[in-house]
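Visitor: So the protein sequences, as listed, match chains A, B and C. Counting from 1, position 20 in the first sequence corresponds to residue 20 in my numbering; the numbering is continuous, with no gaps. Counting from 1, position 26 in the second sequence corresponds to residue 26 in my numbering; the numbering is continuous, with no gaps. Counting from 1, position 53 in the third sequence corresponds to residue 53 in my numbering; the numbering is continuous, with no gaps.
Just so you know, the hints here were simulated from the structure itself, not pulled from any lab data. Heads up, some of the hints might be wrong.
Copies of the same chain look alike in the list, so a pair counts if it works inside one copy or between any two.
What the hints assert, rightly or not - Restricting the straight-line Cα-Cα distance to at most 27 angstroms, the calculated cross-link-like pairs of lysine-lysine (BS3-like) are: (1) Lys-45 to Lys-87; (2) Lys-125 to Lys-45; (3) Lys-18 to Lys-77; (4) Lys-77 to Lys-125; (5) Lys-87 to Lys-125; (6) Lys-18 to Lys-87; (7) Lys-77 to Lys-87; (8) Lys-45 to Lys-77.
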Amino acid sequence: MYQARLTQLGILLPPAPKPIASYVPAVAAGSLLYVSGQLPLREGKLLHTGKVPDQVSIEAGQEAARQCVLNALAIAKDHLTTLDRVKQIVRLSGYVASSPEFHQQPLIINGASELLEAIFGAAGKHSRIAVGVISLPLNAPVELDLILQFTD
Amino acid sequence: MYQARLTQLGILLPPAPKPIASYVPAVAAGSLLYVSGQLPLREGKLLHTGKVPDQVSIEAGQEAARQCVLNALAIAKDHLTTLDRVKQIVRLSGYVASSPEFHQQPLIINGASELLEAIFGAAGKHSRIAVGVISLPLNAPVELDLILQFTD
Amino acid sequence: MYQARLTQLGILLPPAPKPIASYVPAVAAGSLLYVSGQLPLREGKLLHTGKVPDQVSIEAGQEAARQCVLNALAIAKDHLTTLDRVKQIVRLSGYVASSPEFHQQPLIINGASELLEAIFGAAGKHSRIAVGVISLPLNAPVELDLILQFTD
């Protein structure tokens, strides 16, 4: 179902990234999976660094947000064996490293939201927060985390 | 019960605001409702814009926080049909667009917390975080989100 | 079990701190306990104030993160009677008051994460977010909140 959809969309999930510090990639509690905050790492390197929009363009920020989602889904797949067990994406929290007068965080995080809906359809329609922050780990432009509901 | 209390307090909930981007206003998982981050929009316009306290006073920030709660409750009512199904306000997360040396975020978010307690009494006593952020969507001074527990 | 481990580690939990505003220290929903955002208060005073690393060193920031965890656990113990009812630390959210070019938030929050693992072992392995923020309540260098799963 969702695994097939990934293939249709031509999306190859990356290997699940390892945490960059003392915690684990995801923890399940009941039927909720809490995925740790993800950075736009691809093959161990950040796609972009710096703040939006001064050092990272809107388009690059959206690309970074998509990469964060791919990393989060790779972790979820690792944990659940298959993404077909995803019942609902419940909450996406998006943090955008922002210049002081940048106010289009939703536009950046849409890169993540639209990908979730493309993959999961109705099950991908999530609640969300999007805020601007002064700085992020490794000088990433975006960090995001997911809470998702899964079936047995 | 809570609907009647709203009337007693002279509070008329606004229409549930539409998301300003690619997500949904709220998602239920089990008995928890996750309401998306709310801005102090009233009739489609922000009550105040800018950072606290340089462009937005403490009092205006508190008013903005209250408006965020009204919007969140309007969404919750839309989802649950009636606020009388609210069992407990579980978590309020408050983000205040802050000047670098502003440290009274709790005072701002109290505008939201006190309104929740006025409406819901014991069921309105919530856990909370309050942090200062560099910028928020649309140049809003406050964003907040709620997690609440509901009954069938 | 975990209570004994605290003693082994020579850790004496502080009295549970009172909220500094209009909310409660923790709220349970189902088997999850949501602990409110904690500051590095010890005996009513902040261990350190200011931003990392300009006014607060990495080491001092880590010490602050540990104190936040102790306060969160004191609240959890108050709520659950004993920490032996902790089943899993589910989510740690860490906010570091950061200079604009500071990107080692994970290093700071490791102070909290490592303490949780030292106390709870496998049950202390949590999911996590770590972000940099422009300012925190009372000029604290760190704020963190916990969601934990507990047994009856």
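Visitor: Each hint should be assessed against the structure and marked as holding or not.
Guide: Against the structure, the hints come out as follows:
Neither within a single protomer nor between protomers do Lys-45 and Lys-87 lie at most 27 angstroms apart by alpha-carbon distance, with minima of 31 angstroms and 35 angstroms respectively. Proximity of Lys-125 to Lys-45 under the C-alpha cut-off of 27 angstroms is restricted to the inter-copy arrangement: shortest distance 25 angstroms between copies versus 29 angstroms within a copy. Within a single copy, Lys-18 and Lys-77 get their C-alpha atoms as close as 14 angstroms, which meets the 27 angstroms cut-off; across copies the closest is 31 angstroms, which misses it. Both within a single protomer and between protomers do Lys-77 and Lys-125 lie at most 27 angstroms apart by alpha-carbon distance, with minima of 18 angstroms and 19 angstroms respectively.
In this assembly of identical chains, Lys-87 and Lys-125 lie within 27 angstroms of each other by CA distance both inside one copy and across copies; the values are 11 angstroms within and 24 angstroms between. When the C-alpha separation of Lys-18 and Lys-87 is checked against a cutoff of 27 angstroms, the pair qualifies both within a copy, at 24 angstroms, and between copies, at 24 angstroms. Both within a single protomer and between protomers do Lys-77 and Lys-87 lie at most 27 angstroms apart by alpha-carbon distance, with minima of 13 angstroms and 24 angstroms respectively. In this assembly of identical chains, Lys-45 and Lys-77 lie within 27 angstroms of each other by CA distance solely inside one copy; the values are 21 angstroms within and 41 angstroms between copies.
Going through the hint list in order, the structure does not satisfy hint 1, though it satisfies all others.
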